[in-house]
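First to last, the sequence lines map onto chains A and B. For the first sequence, the tail end lands on 1144 under my numbering, and the numbers increase by one without skipping. For the second sequence, the tail end lands on 352 under my numbering, and the numbers increase by one without skipping.
Please keep in mind that the hints were generated in silico from the structure rather than gathered at the bench. Heads up, a few of these hints could be off.
[What the hints assert, rightly or not] Derived pair list, reagent style DSS-like, types lysine-lysine, alpha-carbon separation capped at 27 Å:
id, chain 1, residue 1, chain 2, residue 2
1, B, LYS177, B, LYS158
2, A, LYS508, B, LYS57
3, B, LYS19, A, LYS508
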Amino acid sequence: MATSWPKKRRLIGSKLQRLDGPVKATGKAKYSYDINRPGMLHAVLLRCPHAHAKIKSLDSGEAEKMPGVKAIHAIKKIGDELYWAGEEILGLAADTEEHALDAVRAVKIEYDVLPHIVKEEDALKEDGKTVSPFGGKRNNVLAAKDAADDAFEKGRTDAAVTVEGSYGVPVVCHQCLESHGLVAEWGEDGGLTVWASTQAVWGTADELAREFSGKYKIDLPASKVKCITHYMGGGFGSKFGPDIQGIVAAELARAAKAPVKLMLDRASEIVAGGNRPSAYGKVKIGATKDGKLTSYEVDCYGTPGVGVTDTVTFNALPYVYPIPYKRKHVRIRTNAAMQRAMRAPNHPQNCTLTEFILDDLAAKLGMDPLQLRLKNLPQNNPEKVKTAPHSLDALKNTIYQREIEIAAALAKWKEKWHPPGKTDGVVKHGIGMALHTWGGQASPQRNECTVTIHADGSVVARTSTQDLGTGQRTVTALITAEILGLEPGQITLQFGESTFGASTGSGGSTTIPSQAPATLRAATAARDDLLAKIAPRLHSEPKELIVERGKIRNTAQNKTWDWKAACAELAKQEATGAGFWTYDESTKPDNKDVSSSGVGGVQIAEVLVDTETGVVRCTRIVAVQDCGMVVNRLTCESQVAGGVIMGLNYALFEERIMDRATGRMVNPDMEFYKLGGIEDMPQIVVHLHDMPERGVIGVGEPPVISTHAAIGNAIFNAIGARVSHTPFTPERVLAALAAKGGAK
Amino acid sequence: MKNFSYYRPKTAEQAVALLDDKWGTTELLAGGTDLLDLQKEYIAQPDKVITLRDVGINQLRLDGLDKKPDDFILGAGMTLAEIAAHRGLKDAFPALTTAAGDIGGPQIRNMGTLGGNLCQRNRCWYFRDEHTPCLLKGGDKCFAIDGENRYHAIFTQGHKCVMVNPSTLAPVLIALGASAEVMGPKGKRTVKLADFFHAPSSASEREHVLKPNELVLSVTIPYHHLKNASYEVRHKQSYDWPLVQAAVAFKYEDNKATDVRIVLGHVAPTPHVAEAAAKALEGKEVTEATASAAGEAAAQGAMPLSQNAYKVKLVAVAVKRALLTAAGHKKYWEV
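Chain B extracted, bound-state conformation (with noise of 0.2 Å):
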């Protein structure tokens, strides 16, 4: 691990400060699951490291609720553990409990952050050796385009590097509509998780649309009653990430789901909103039939590489039961 200076500020406007405004010289240190790996592995070498442990960005802001009973406000440094065991949070958004209880072991949960979850960087295999220049390494080619891609993106189009976002918060977060609220050296300016991810092809970028000198103080989910749930199709059941997964939201009153929304995950190197599948629900009653039917809508347009078409069925698979599981019904393939 290359030498770094550590740095421990007490406010996020400290933390700003000593950020550079380019990627790669300075990092920010939440709970470390992924960047001590890096550094580790010499994939990330930073020469200052900041840690956020001292900033206050810790806590789910409930006092927010008198305030703006709408939302919930969650702190950037709440840890995995923490909100997959928030009952207030469990209750409204399963969905987002069920997918960060889901995350890794529990040392990951216990030592992992939301704002971590949201900006770690992808899996990509070719990514994390250290011996191969891809793209995102200032290399000139995506080397799991015609290599090892069993794992990566199926919905390619245009992407020049096909790794998946690996964050499995980022599709429940923008299925719930949530912003995040984000400081920088002018300040503090709010991005939807819609529009905060990126799907980078070179060294100078990252997988969301954070600048270098950026960081993410909390994110505010609305509540607007919607159902929603997550399913995630994976291979392993302890300790594993999703082959692909589903989080959706809709309201549903009368029988009727409307404002839809179905967000992929693990199939593209941004979170994928399935507007086809979101349609092809919107105002009908959700039954194996509606939901298969928009599995099959998200699955569309797919372009899989040489050796993840599976991923392809998995999608349909995983929108129906999320849409199940989020409308209560019976989990036929819990046995």
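Okay, chain A solo, but in the shape it has when bound (with noise of 0.2 Å):
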């Protein structure tokens, strides 16, 4: 059956408070955290101080005799080698948190301590070989991937005007203010439930299922991992599956026989718990004198620590714009955590390698940036504006022009642009906008939702999927009274538990295009379910029975029943309905722009550089951000403000800082790892660029992206030298206003 958006929307596209906000503001709410079991354990990680180093000895006789410890689970053993500082080596449970941190240092482990690399510059210096076997070799530089259009020798040719320079963006951390972990218990009944803060909920548990099972030959059926994430405080990509300190947790758990709370401290939550890569990069860039953009090459690194992915969106660069390329990238490999997916994957550092260099360009040209930008837009497909007149292909430059007219008009860039350094005073303004696009589609795999009638006329609508904080829970209930005629209040949720059908972690902004179809197509099924059930009792046939705002009217007869009274003709039944959705339901033409796929998004930053202390502030910026057909404008809205919260931290503060000598990262915390408090929060406008007929497209990712280099541009603009790294610290202001000779 073909599956559509209601024509009229009553609660879509309005703005609902978050329904959980009183619980979470009042502390009610219960997180990971804040779980406690009946004779619960405390557990810690035993994590290698070292950068590289080989387990000589390893001895914890002494701690298992220490006051309260009940568990130790070993991770490694004598001989394993460590490639990171950080790097777990065992897990510990005590009664208390404070007897495992004491026992967990009283565990003997002698280290041959071996050459490390942290630093991406010292690799390329030398490759020390310091990491761990990739591809049977151990070097921390690996092969260079290079590619070029056929069009690029050409562009190169017929550029008059070249720029040059180098940019860059460090390793920073996840940074999640609730930390990774979880509280593990195994049941009588050989089951195993977690409390896990997680963006993958049903994954979590089917991971722990399989991993369990596996390894002890034991029958743990699926049905009897149970994960809960009723609230969670942020993941950002970091927290897919149940980790190693879920797997660890659950074996402490199962050897001491009782519940085991295992949440990370927060310098291991930096350490640890998810770093995105960094990316540095010489770009040139060639345009003809008007600005039309003809040449791009980059050739760039960076380091995912330990592991070996690319630190850029390799096929992506340059970023939005089509010019021809040539491109190259290396992964540098060092002795630090692997990186993990971190809101929009490698766009911000595609971003920041074409974003940046364009208005050092258009101060050669002496364009506004502005223009260049619309100059270089891509071009609408003519093919998919004929097959797939709703895709990003189809519409991409329609989405850019439109957005950079809005945000320009909301930042009022024609009043306040100006070039480059060219303002008065010590206290210098600029402005700076940059673009970036994302995906958003549904998942591949499964997510479900059911709702239930009863015949008092409450409501239930269950799904596994997660909130990460996004307001999905608000979207769940939102869009079930949208098509019961209810108000979101009056639905019940059950919500954030593995049990509840299946659902995809909650990555790529896949949640909300994934669950709104299916919670759609839930409801509507309950709904006719209903109608069908009580049509006999209500003297009607169910075709002539419709919902409206709290009640059912038929439509032959013209009467109506108030809700209650109508399920009230339940009587001992229920009327129930079950939606799923998959990326590949989306594609059929029968539920055509129910989700869809593909964003742009324009940003447009203030600031004001003090050009005698380099401090930054950045006042003001505008979000232009398109998403389809908004669910929720509060949350969405929300969504994009949390996002540019994100990109200004990126742009202004948040940076990993490794110590060459030690191999450890010095500012694990909060005091030196920097994160902006309530007075370094510019303004932020919010403008969501509806397009309903698109259907539901996912945004928790794009908002992120474009932020820093939009601010990056904006200090640019104010003081007519480029700072090319972010962060945009005192120090590197300070220092591009020397180079440019302007200093005070």
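Hey, can you piece these two chains together into the complex? The hints should help.
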């Protein structure tokens, strides 16, 4: 049966406060950290303090005798090699967290300390081969990837003006406010329950079931493993699956026959809980005199830590703008924790390597950078205009043009933009912009939702999906209420438990485009079931009955029943409906424009740069974002504002600082790993560029991508000098001013 | 955190009697914003923790104003929030209330105390890392000298450890000519704040000159009607340490600055008295030109490390801005 959104929408697209706001604000909401089970033990992980070492001896005998210690689980053994400072060696559970922390320090362990490399530039200088074997080799520097466009050479020749620059973004950490971790408890029935801080409720249970049934050859069907995540304090791509602490907590709980809580402390959270890879690159761009881009050349590198993945989206360089290209990327493996997906993985890096040089070029051309961008936007693909008129490819030019217009108007670009560095005074104003793009389609795997209507008129919407703080819970209630003619507050949510049906991890901005259609289908099916079941008792044909706000109406007899009265006719039955959604469902012709993929986005930032101190204050950011059909305008705007805040922190503050000598991160805290506070926040103006005809598209990731680039370009506009690397610290701003000869 | 015995003495004498005569085994607990962190990180591992909450040093002694009208006596247990909000202090010593009000966030200011601010341990990230055996933890080298030192000292002369003293009240109090009343086993003594701080280079030293069995009872600030101000250059506006801080105080009569004191914070292991800067301004009107010149003089002699030369520039700016603020000039940097 065809699926489609209601033509007339009462709630969808409105601003609905998140339903769990009050319980979160008052502390009643229980996060994983807040779960305390009877007899629960506290676990900590022993981590390697060295960036590269081999375990020479390991003796936990003393530790076992320490007060309160109930179980120890070895992760590594004598002879094992460790490749980064913070790598997990063993887990230990005790009756209190304090006892566990003391006991873990009583583990006697000797290391053969081996050479390490923690800085990208050191590996480039000399490959010390300090990392784990990959393809049989221990090289820190992996073979370069390169590619060039057929049109590149001609483009380079055609360039009347060229600009070169070096730009970069460092490794930053996820810094989830709620750290990684969980409480694990084995039940009388041999089943396992975890209360986990995860972005993948269903997947975490699934992985734990596989891990333990495989390892211990025990009968642990998925039905006996339950993951509960009612509330969650941020993941940003770093919290898929049980993770090492999930496995260790379950092992310790099994060994100690008691529930175990294992939540990372702040230092572990930062060091081991996830990081975004760095990207540094030399970029050269060519253009005609009137600003038509002709060639783009990038030679970049970055570190995924001990991982091996790219640190840019190689095939999307240059970013957004179609320019004949030549590109090269080198992965540098360092003795640091492996990178994890982080909110729009690799797109901020691509944005860095494209958007900064555009403004440098505009300055050389004497052009307004907004005009330069307009001139070089991707075109609407004529083929797609015919075959898929609502796809991003068909609409790219239209969307970006319109978004730039809107953003420019909201930011008063015409009034505020001035040639770079051309303002008086010590504290200089600047304005800059940047563009981004993202997908946001439905997940390829199944997402389910069920809706049940009871005879007393109460309604339950049930799904295993997680609400990372995005507002998904509120969205599920909103859609159910829309279809049933109720208010969102009337919907009881059973949410965030793996036994509530299949769902996928919240990655790739896939949650809302997967869950919203599943909810739509479930609520629609429940409604139809209700109407079918009560029709005879209302002396109606089901097809005569429709749902109105709080009522059921017989359109033939022009008769209405109050919702509750109508539901009472269910007597001893329930009405139920189930719905699911996948990417494949979204591409079926019958289901056109229910969910879609592909967004643009434009951000404009304003800054004040104190040219004596180098201190940058971002005063205002306009973020224009399309995301197809907006479901809940308030939480959607909130997502965009959250992305902007995160992007501002990338721009001004965040940096993982590794120490060359010790191989450890020196700022694994919230003191010197800087995150802006309330006084550092700009005015944030969010404009959602509505395109309801495209269906639902996820928007969790795109708004984080271009903020730092817009701020970087605003600084360039303010001082006429390029601060080329984030974070834009006072030191770097002063250095850029000095290089330009303008420092006071 | 290592287990410890907790003591709650009723008097300063009782507190002193509980203290050991060597560092490390006993610790005084005031607001706890530093000590508890150090204990949780296994940097401080005392056997005894002695809380000062009941020893009666929490007051600003306003009655002292009657007896010695020239002095303000601040109990060491006054919180930073109390200092920041005190109207009398604000009128007399805006440098102090500004500095106190800029420390940390509200939670820190509500718990942190004057005495604790003066006696807190430094924030060097090597010192604070459990696994790094730096000089102050009995090791044989300072890791910052050749390591990550962007926030470290720029006046490094003769110092084996190049951390910066973290107190932002200290430069102000030194500029204002304050002194601390200290109690030890032999009774009370007075230590000028200018003589209070020390650059440690081993585990048996602290950032100040107090003996392990001494505690700060109060700080007395003489009221000499000095113009005064404190200016911090900070990376973040919310909740951050200053990159550099300048505290200034001077008599200002007939547009002439005399008795000039300029003290820098966060540039050396102790608060750094910039004598050349004070001398540069002595007897002159405070103008942008004279303030700039004093700022340049303050930066003279800096020997920055590999990553913190930028702080030398910031010293000059901070001094200039503090002087202009104290003299009541328009803050040209605020738009």
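Here is what the structure says about each hint:
no. : hint                  : in the structure
1   : LYS177/B <-> LYS158/B : 8 Å, holds
2   : LYS508/A <-> LYS57/B  : 20 Å, holds
3   : LYS19/B <-> LYS508/A  : 17 Å, holds
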